[in-house]
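Undergrad: So the mapping is simple: our numbering equals the position in the sequence shown, first residue as 1, plus 3.
A few of these clues could be false.
Stated by the list, open to error - Pairwise CB distance ranges (calculated): (1) P167 - H334: 21 to 31 Å; (2) H201 - A162: 43 to 53 Å; (3) D127 - P336: 40 to 50 Å; (4) T209 - D127: 19 to 29 Å; (5) D151 - A281: 16 to 26 Å; (6) D96 - A311: 17 to 27 Å; (7) A281 - R246: 43 to 53 Å; (8) A184 - Q282: 40 to 50 Å; (9) Q293 - G329: 35 to 45 Å.
Don't read these hints as lab results, they were simulated from the structure.
This structure is a prediction, so every number in the text was calculated from the model and none was measured.
Backbone N, C-alpha and C fix where the C-beta goes; we use that ideal spot for every residue, glycine too.
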Amino acid sequence: MNNTQTGSTQHDDRTGVSGRGEWGAQAPGAAGGLLPEIWMQYGAKRVEQALSRLLCAEDDGGTELMAAMRYATLQGGKRTRALLCLAAGALVDSPAHMLDDVGAAIEMMHACTLVHDDLPAMDDDVLRRGLPTVHVKFGEATAILVGDALQAHAFLTLASLDAPADNRVALVRELARAVSAEGAAGGQAMDLSLVGKHVELDTIVTMHRMKTGALVRASVRMGALCAIAEDAAHAALYRALDRYSARLGLALQVIDDILDATADHATLGKTPGKDAAAQKPTCASIMGLQAACQFVPDLLRDAGEAIAPLGPRAEGLAQILQRANGYLRKHAPCT
């Protein structure tokens, strides 16, 4: 595997994305901005190509490990975290080729958390993105190794970026924090500890901000960290991005809670009703479905207000909020 392979990206008039990741010329037909479905599809495709390139071993030693890693990462998905990275990178003119690989590293880490969450000792699910989970298809031992290897490959990708050392260190630190005991790992531990318990909403919100929100926050920050340091000169920008990602991360989890209680497996791509069956408290179960459905637009509105001072260059981030709200309205019966 060659983790250092990158490629330059020229301006593409179809998407408004320039070689430095900026939203340059408007997409044809866009009313005062980009066509969301075009740049999101284009961005997801670029990240998919980076994943395919980075997760490629000429000799896997006769094992199924790399095949299982590719299965875990290349089977679709909305690529929300990678798109957040691309959109935040566009805000500060991060290089497009760098954003592709950073987005791929984020998706590797996200896949790692999903593979481990699906294990019998964790959430014990047999479906992910409409397909058998990794431990069902390849066995539990291989699934554990897939998660471990994807995490390692995510950090190898960041460490091998064609970028100054300070940028690479900042990116590695950011991703490590997101999946540490302060982030996804700690949130998963907290989630397991709350099974069957009656807890306050604040406790669930804290858990969600660790388990789901920490990687969402990192995705946004990493797009910016590709180009600019988090220092006094850029403090206001990072405060705005943190407020945006905190609200969006929580909104995404509340949407997931709502759909777990109301949607079918075709919509979810995984087994519905798992939270209730496992006696796991969620925002939806504590607040009630109607209140949870009303909570999401409030969170998304607050996220939009956070980035409003950043101007039109934050349009990609704003459009991701619109997509989340549209997804909820389309699939949740209480909206």
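Undergrad: Run every hint past the structure and note whether it holds.
TA: So, going through the hints one by one against the coordinates:
1. The given range of 21 to 31 Å is broken by P167 and H334, whose C-beta atoms sit roughly 43 Å from each other.
2. H201 and A162 have their C-beta atoms about 44 Å apart, which keeps the hinted 43 to 53 Å range intact.
3. Checked against the hint of 40 to 50 Å, the C-beta distance between D127 and P336 comes to roughly 26 Å, which is inconsistent with it.
4. Between T209 and D127 the Cβ separation comes to about 24 Å, which falls inside the hinted range of 19 to 29 Å.
5. Remark: the range hint 16 to 26 Å for D151 to A281 is upheld by a beta-carbon distance near 25 Å.
6. The given range of 17 to 27 Å is respected by D96 and A311, whose C-beta atoms sit roughly 20 Å from each other.
7. As the Cβ distance of A281 to R246 is approximately 32 Å, the hint placing it in 43 to 53 Å is violated.
8. The given range of 40 to 50 Å is broken by A184 and Q282, whose C-beta atoms sit roughly 24 Å from each other.
9. Roughly 19 Å separates the CB atoms of Q293 and G329, a value that falls outside the hinted 35 to 45 Å.
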